[in-house]
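Novice: The chain contents come next:
There are 2 protein chains.
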Amino acid sequence: MSAPESGLPMVVPAPGLPARVRIHEVGPRDGLQNEKGQVPTEVKAEFIRRLADAGLTTVEATSFVHPKWVPQLADAEQLFPLVSALPVALPVLVPNDRGLDRALSLGATRIAVFASATESFAKANLNRTVDEALAMFEPVVARAKAEGVHVRGYLSMCFGDPWEGPVPVHQVVRVCKALMDMGCDELSLGDTIGVATPGHVAELLTALDADRVPATALGVHFHDTYGQALANTLAALQHGVTTVDASAGGLGGCPYAKSATGNLATEDLVWMLHGLGIDTGVDLGRLTATSVWMAGHLGRPSPSRTVRALSHQEQ
Amino acid sequence: MSAPESGLPMVVPAPGLPARVRIHEVGPRDGLQNEKGQVPTEVKAEFIRRLADAGLTTVEATSFVHPKWVPQLADAEQLFPLVSALPVALPVLVPNDRGLDRALSLGATRIAVFASATESFAKANLNRTVDEALAMFEPVVARAKAEGVHVRGYLSMCFGDPWEGPVPVHQVVRVCKALMDMGCDELSLGDTIGVATPGHVAELLTALDADRVPATALGVHFHDTYGQALANTLAALQHGVTTVDASAGGLGGCPYAKSATGNLATEDLVWMLHGLGIDTGVDLGRLTATSVWMAGHLGRPSPSRTVRALSHQEQ
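Residue numbers (full-length UniProt numbering), protein chains in the order written: chain A, 1 to 315; chain B, 1 to 315.
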C-alpha cells in the first residue's frame, strides 16, 4: 500500500519546531567518497545539477583532499567548474593549506574542515592529535575567512567512538569551542558510527548552548547504522537545530554491509520535515527520481525507505 | 565501525520519558502472516521460545482467523499448545465468535480483535462497514471479558489510508472510544501504511486524551515504510505512551519491496529505548541472535539496521 494519493506526507505541525530547515546535502561528497568504483565526473556533475533542481540549496560538491586518500574524489578540479555556476551553495572539503589553494583557485566560496572529537579518530583519520589537527586547520580557516569564504567545521565522533567508547560531552564541547573560536561559521556534529540516541543528542546540544555555542550555529550529521538517525534529528529539532545533514538516497555505505546505510537518507528526512509542516524547499518527487537515477548508475538499490516506497521498486 | 565495545547503546536518559516500556512483540503473528512460504510449526514455536528467552514479556503468538484468509497461520491449533506454558503473555488474534471458541478451547488468556478506522479498509479487510465490524466484535469482546480474558483492540489506518488519504482524527477517536466502551483493555493505534509523522502522532494522542482515552491504555504500532517509525515512537513516548508494538528483525514484508520492512524492528526500538535509559527487560544480543536465526530460516536478511550492524552480516 502506498501513501495517500499524492505520495506526499500529510502535514500536521508540532509545536516548538522550526518553520524552516536547511538541508546540507552531502551525497556527492560524503556519499560518493565511499563508493568502490569510480563514478564518471559527468555523472557526478549531473547528480549535483539534479539535486539543485530538486530544490536543495546546499550541496557539498567534492573534496580537495589528496587523491591518494580519497581516489573517488580525485576529479575535484574537473568536477567543480562543471557545477560552480549553479545557483546553490557548493561547499567543498578542504583538509589543509594545499587543499584551500586548490579550492580558491576554482572560485569556491564555501569550505569545510574535518576535525575529530576523539584522539583515536584524529590519529586514524588525520594521523595527528586532536590539538595538532586543530592547529593545522587554524591558518586554513583564517585565510579562508580573510578571503570571504564561509567555513563549516565538521566534528566526527561526537557521541561514541569505536575505539574509545562513549565520548564525554565536555570533550566535544571543548573542540566545538575551539573550532568556533578559530572562526568557523557553522559546525556539524557527527555521529560517525551511528550509536547516538535522542537523550544523548539533547544532552550535547544543551551543554553546547550553556557554553555559548547556540543551536543556530550547529548542524547535525546522523548516521543510520542502528536506525536512530531520524529520531535523533527530531530531538535536535526540538532543541533548536535548523540545519540537518543528509545524503540523497542514503548514499554512503557502511564498510560491513552492502545495502546498509551510513548517512541519513535525505528523502526520509524530507518526509518527516514536510509532514511536520517544516519548509525545506525540496521537491520530494524530483529528489526521489534523482536517487533512483543515481542508484541505476551505482548498480544497487537505494537504502532509503522513502525512495523504495515512492519508487515502488522491487529491491 | 561498530558500536563502542559492547554492542550496546550508551545510556543518556531524557527528561519526561517513561522509566519502562512494554514491547508488544508481533513478529510471530504480524511478521509471519506476510511470509510467502510456510514456516514449519516447530520453527514458529522455537521463534516464540527464543523471543521469550530474550526477555520479551508479550509475544503475539498466532491468529485464529479462518485458514482461507491467512494460510500462513493455519497451524494455530498445533502451535499454541507448544508455547502456552511459557511464562509470558501470548495474545492471539481472534476475528469472530468462532475464532474465540478456538482460542478459548486452547486456554488462551489474551486475545486481540482487529478493527479499522476507515470504511475502505474495513471493507477490504473484513468486508464490512466500520460499524458492522464493531458490531461483530462486540459479543466477542463481551464473552472474552466474561471469561476473564484480556482484550486488545487493534485499529488500522489511524493516520492515512491508501484509498481515502488522510484520516480525520475525530474519526479515529470515535472508533477508539467504541472499542474501549465495549470493554477492550488496551488499544493499538496502527499506522498501517507508514505515512505518519511525529506531529500527527502527537495530535492524535492529544485528542484521545482529551476524550478520555488516556495514553496508558494505548499502544502504538508504526510501520517503517517511509523510515518514520522510530521518530514517531519517540513522539508517542513524549506523550505518555508506554506500550510499543514491534517485530523482531523487522519481520513483516511490504508487498512491493522484497527487503523493505513493514513493521518497526524490535532491535531498532530496543536500541533507542535502552539508549534513553528506558527499561524493557530485553537482552538485545539474544534478540538479535534470534532474528539472525529466523532470517536464516526465511532465506533472506533482516531489514533491521540494528540486526545488520550487530551481526556484521554482509547482506
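Where hints are given, some of them may not hold.
Unchecked claim - A short list of chain A residues far from chain B (calculated; beta carbon distances all over 10 angstroms): (1) 88; (2) 139; (3) 276; (4) 286; (5) 305.
Unchecked claim - Looking from chain B toward chain A, a few residues come up when the C-beta cut is under 7 angstroms (computed): (6) 211; (7) 215; (8) 227; (9) 275; (10) 306.
These are calculated hints, taken from the structure and not from any lab test. Keep in mind it's a predicted model, so treat the numbers as computed, not measured. Ideal Cβ placement from N, Cα and C applies to all residues, glycine included.
Novice: Which hint numbers doesn't this structure obey?
Specialist: Of the numbered hints, 3, 5, 6, 7 do not hold.
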